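Build the full structure now, drawing on both the sequences and the hints.
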Amino acid sequence: MKYRKLGRSGLKVSEISLGSWLTYGKSVEEERAIKTIRRAYELGVNSFDSANVYERGEGERVMAKALRVFPRESYIITTKAFWPMGDGPNDRGLSRKHVFEQLHASLKRMELDYVDIFYCHRYDPETPVEETLRTIDDLVRQGKVLYVGVSEWTAAQLEEAVRIADRYLLDRIVVNQPVYNMLNRYIEKEVIPVCAKHGIGQIVFSPLAQGVLTGKYRGGRIPEGSRAANPEINEFIKGLLEAGVLQKVDALQDLAEEAGMTLVEMALAWVLRQPNVASALVGASRPEQIEANVKAVDVELSQELLEKIEEILA
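Residue numbers for the sequence shown follow this note's numbering, so the first one is 600 and each next one is one higher.
Calculated directly from the structure, the hints in this document are not laboratory data. Accuracy of the hints is not assured; some may be wrong.
What the hints assert, rightly or not - Mimicking BS3-like on lysine-lysine, the simulated pairs with C-alpha atoms at most 25 Å apart in a straight line are:
{"no.": "1", "residue 1": "894", "residue 2": "907"}
{"no.": "2", "residue 1": "625", "residue 2": "664"}
{"no.": "3", "residue 1": "611", "residue 2": "894"}
{"no.": "4", "residue 1": "788", "residue 2": "815"}
{"no.": "5", "residue 1": "611", "residue 2": "664"}
{"no.": "6", "residue 1": "634", "residue 2": "664"}
{"no.": "7", "residue 1": "611", "residue 2": "601"}
{"no.": "8", "residue 1": "815", "residue 2": "907"}
{"no.": "9", "residue 1": "815", "residue 2": "894"}
{"no.": "10", "residue 1": "604", "residue 2": "788"}
{"no.": "11", "residue 1": "707", "residue 2": "625"}
{"no.": "12", "residue 1": "604", "residue 2": "815"}
{"no.": "13", "residue 1": "815", "residue 2": "634"}
{"no.": "14", "residue 1": "788", "residue 2": "707"}
{"no.": "15", "residue 1": "625", "residue 2": "815"}
{"no.": "16", "residue 1": "601", "residue 2": "634"}
{"no.": "17", "residue 1": "796", "residue 2": "604"}
{"no.": "18", "residue 1": "634", "residue 2": "894"}
All of these numbers come straight from a predicted model, not from anything done at the bench.
Below is the structure:
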């Protein structure tokens with residue numbers, strides 16, 4: 600495994616992180632989930648991602664249970680808040696009340712004293728950014744959160760947060776968690792330049808585009824047991840199964856094979872070619888999947904290969 604500094608912070612994260620969205624506490628039974636998480640740790644993964652909203656806390660509980668056998672200082676575990684966790688008017692968003700209560704609920708579920716990174720899971724237009732950042736700053740000062748992060752914030756929203764943190768001497772954001780892969784590159788234009796300027800690193804989710812960039816849907820087939828075949832979790836993958844997209848993926852797979860690597864290795868190495876990206880956040884339902892994913896850290900993509908990838912994506 601290889602490790603990178605997270606933005607301008609001193610925190611070092613593994614180039615491959617393991618997440619629990621749509622998997623642990625939901626579509627993967629607990630014993631297999633625990634085996635997968637522990638195998639990731641054995642392979643050098645030190646960055647593990649969850650959120651309160653992942654199956655109303657089940658994702659957090661399973662991940663923390665799996666990691667409990669290891670020294671607490673040897674891994675990084677995260678959680679988030681924003682999405683609804685109840686039906687009340689204050690059961691969502693980034694108000695001081697919701698953030699404070701959800702962080703403590705997450706710590707209780709995970710049986711932890713602190714989380715390494717706490718993310719604002721989305722931008723909340725109904726709450727002043729100062730209120731949110733001051734609340735998280737209080738939690739940092741209490742030792743319950745070590746680093747501040749956001750997920751899927753725009754360049755303008757990130758600029759606003761940095762400006763407010765500096766004005767009031769609040770703990771700065773050090774990490775953004777956006778979607779980023781060969782098929783979705785929106786962060787390259789504005790988000791990455793702003794983050795690079797302000798010392799914010801990226802831990803990107805869906806680097807394999809919901810599994811489409813594994814090649815398992817080659818030719819448009821949907822294998823039994825795959826994410827696309829599961830109506831409970833296939834909501835986000837449907838738009839990626841269009842004929843035009845799959846033709847590009849088939850061409851990328853042929854190119855990877857010509858280069859002597861798997862499409863998974865090429866897709867993850869392509870994400871990690873970006874210096875502002877600290878880690879690629881993958882999902883895995885079996886130990887073999889994480890074993891395949893971590894091989895990407897040893898893959899170097901030549902300039903010629905990168906140009907060929909660009910031609911296909913164009």
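Here's how the hints hold up against the structure:
Between the alpha carbons of residue 894 and residue 907 the distance comes to roughly 22 Å, so the proposed pair stays at or under 25 Å and holds. Only pairs whose Cα atoms come within 25 Å are accepted, and residue 625 paired with residue 664 is accepted, the gap being roughly 15 Å. Straight-line distance between C-alpha atoms of residue 611 and residue 894 comes to about 19 Å, which keeps the hinted pair within the 25 Å bound. A C-alpha spacing of about 30 Å is found between residue 788 and residue 815, which places the hinted pair above 25 Å, so the restraint is violated.
A distance of roughly 23 Å separates the Cα atoms of residue 611 and residue 664; the hinted pair therefore holds under the 25 Å criterion. A distance of roughly 11 Å separates the Cα atoms of residue 634 and residue 664; the hinted pair therefore holds under the 25 Å criterion. Simply put, residue 611 and residue 601 have alpha-carbon atoms about 10 Å apart, close enough for the 25 Å limit, and the pair holds. Our distance criterion of 25 Å between C-alpha atoms is met by residue 815 and residue 907, whose separation comes to about 22 Å.
With a CA separation close to 18 Å, the supplied pair residue 815 and residue 894 stays within the 25 Å bound. At roughly 22 Å between alpha-carbon atoms, residue 604 and residue 788 fall within 25 Å of each other, so this suggested pair holds. About 20 Å separates the Cα atoms of residue 707 and residue 625, which keeps this hinted pair within 25 Å; it holds. Restraint check for residue 604 and residue 815: not satisfied, since their Cα atoms lie roughly 32 Å apart, outside the 25 Å limit.
Of the supplied pair hints, the one linking residue 815 and residue 634 holds, its CA atoms being roughly 23 Å apart against a limit of 25 Å. As the CA atoms of residue 788 and residue 707 are separated by approximately 39 Å, the hinted pair breaks the 25 Å bound. As the CA atoms of residue 625 and residue 815 are separated by approximately 21 Å, the hinted pair is consistent with the 25 Å bound. The straight-line distance between the Cα atoms of residue 601 and residue 634 is roughly 22 Å, inside the 25 Å bound, and the hint therefore holds.
At most 25 Å may separate the alpha-carbon atoms for a hinted pair to count; residue 796 and residue 604 meet this at roughly 15 Å. This hinted pair checks out: residue 634 and residue 894 have alpha carbons roughly 19 Å apart, not beyond 25 Å.
Violated hints, listed in ascending order, are 4, 12 and 14; each of the other numbered hints is respected by the structure.
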